[in-house]
Amino acid sequence: MSKATSSPVRTIAAHAVLLAYTVIALFPVLVIVINAFKSRNAIFRTPLMPPTPETFDLVGFRTVLAQGDFFLYFQNSLIVTVVSLFLVLLFGAMAAFALSEYRFKGNTLMGLYLALGIMIPIRLGTVAILQLMVASGLVNTLTALILVYTAQGLPLAVFILSEFMKQVSDDLKNAGRIDGLSEYTIFFRLVLPLVRPAMATVAVFTMIPIWNDLWFPLILAPSEETKTVTLGAQIFIGQYVTNWNAVLAALSLAIVPVLVLYLIFSRQLIRGITAGAVK
Amino acid sequence: MGSLKIENVKKSFGKVDVLKGIDLEVRDGEFVVFVGPSGCGKSTLLRIIAGLEDLTAGDVKIDGEKVDHVPPAKRGIAMVFQTYALYPHLSVRNNMGLGLKQAGTPAAEIEKRIAASSAMLSLEPYLERRPAELSGGQRQRVAIGRALVREPKLFLFDEPLSNLDAALRVNTRLEIAQLHRRLKATMIYVTHDQVEAMTLADKIVVLNGGRIEQVGGPMELYNSPANEFVAGFIGSPKMNFIDGARLGETAKTIGVRPEHLTVDAKNGTWKGTVIHAEHLGADTNLYIDTEKAGLLTVRIFGVYNAEPGATVYATPEPGKTYRFGSDGKVVA
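For the protein sequence lines, the chains are A and B, in the order given. Going by UniProt numbering, the first residue of the first sequence is number 1, and it counts up by one from there. Going by UniProt numbering, the first residue of the second sequence is number 1, and it counts up by one from there.
Pulled out of the complex, with its shape left as it was, chain A reads as follows (with noise of 0.2 Å):
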């Protein structure tokens, strides 16, 4: 910014409201974090003190990676997440491209229909979804939660998608067809490389609830084989006692993967958010 359009004061103001806000959205995970490396006494006795020599433990860890067999639970959650994802980006830019390139009948209608998905929440299909997967036979399958997450994530992904896919030059598909290119290459060769920011928007928002999500495995997939990491965490949180040790350090585990595929999409995703704000 140059200097003629900023002044000190609302550059500090600024800061301070970013700080304040990043403050308050880091609190929670720095809670759990530094809890997680903690003995029992010192979590209950000093909730907000980072581990001294004397409280530092590593109780949690040992719990959690001895008890239950927590790398097949990062396992199913990570296989889940990546291949949803993969899906979700696949049919959802396809279906997107399908919308914004071709004039069919009821065009207009289907993008709708497709969109209709994030209005109704797909928890209200549970029960169908339950009965649908015992007849077909997936129940505790890491199928059964691919196929729901999918269909979760595809309706954000098409509307999003298809926004972008029409800001793609006629031009260049057009060229790409006078020189013999399918319709196919086109799509993969030519539009996916220029909406690669939009796709990492939709991959981060798509990922990360599935990841989080603990609904689906506790109803489609609460076997031991498929249990993911969020359900493999509640075997800590009982009834009457709680290894907090073991619950924090799953959760600081849990962090770690999802804030790995984080990085990875972030520089895409920066200029996703801002592209079109500045042509």
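Some clues are possibly wrong.
As the list claims (entries may be wrong) - Partial selection, computed: residues in chain A whose CB lies under 7 Å from chain B:
#1 111
#2 112
#3 168
#4 169
#5 171
#6 177
#7 179
These are calculated hints, taken from the structure and not from any lab test. Here the structure is a predicted model, which is why all the values come from computation and not from measurement. Using N, Cα and C, we set each Cβ at its ideal position, and we do this for glycine too.
Assemble chain B onto chain A, guided by the hints.
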């Protein structure tokens, strides 16, 4: 090798008729320019010829062959777009070669053609660059090069100069004209700029509201426009139209070009006051509010000093006025 015949082509988008029956013949080696105001259907017609848009009725024949069901890549055409439409992830060389590669042309032949056309357009230093590393003019030359290497029957240009700045536009226009002379290829060029149409075309097709208003050589359109629309569209500044009744004429409208009016401070046909004068150096445009003929634009070659508010007389050159009937067509 590259004649085109369009027979009664119609195109509708839903209920909107964009093209209302176009008949046109383009001979081998001709440079034809489609010109008209925005929304007249000129780009749609070009897209139909390219096969990027389906037609609602009629026929398009390239070299006598019906191409209604032939995909764009198999029609033997090449197209240059307004926004260049270069593949952002490919180098200039691969941008130019992609179409041939898709068609299964041997690599040696592709190399040869890229070398030839990049030499013609002085693109050799940029062959390994990506489009993002080129200036606007260079990008458009690459787009033209991409069309050249295909050695098409028909070159299609869709407003190729609109995104370039004024100086570059003149240069590129010159290059396209030279290219046509050298290749003797059939070219179809769409523009809304009548200067481009006049300078490039062998044959101009003036379109308006989905119909062809007139087809003819540049000077033919300038000297004997068929109707009021063509008369007003070709020529700059625009022709003056005067209500016939005000002049006591039988024709509905009288047209006279700004360059066919002379101005005198003492006497002449139409007395009026100068409203504004534009001094362009080589010529001067005067806007005169006349008592009898209304607001007139006069183009005077050279410098003419006239203050706004001064009284002057405008006189049309004898034999250089046009008479239009109530349907807009020229009448005797």
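We went through each hint and held it up to the structure:
Checking residue 111 of chain A against chain B by beta carbon gives a least distance of about 17 Å; that is not within 7 Å, so the hint is violated. Interface restraint check: residue 112 of chain A against chain B, minimum CB-CB distance 19 Å, threshold 7 Å, status violated. Interface restraint check for residue 168 of chain A: the shortest CB-CB distance to chain B comes to about 11 Å, outside 7 Å, so the restraint is violated. Given the 7 Å rule on beta carbons, the hint for residue 169 of chain A holds: about 5 Å separates it from the nearest Cβ of chain B.
Checking residue 171 of chain A against chain B by beta carbon gives a least distance of about 4 Å; that is within 7 Å, so the hint holds. At a threshold of 7 Å, the smallest CB-CB gap from residue 177 of chain A to chain B is about 5 Å, leaving the interface hint in force. For residue 179 of chain A, the suggested interface contact is upheld, since its CB lies about 4 Å from the closest CB of chain B, less than 7 Å.
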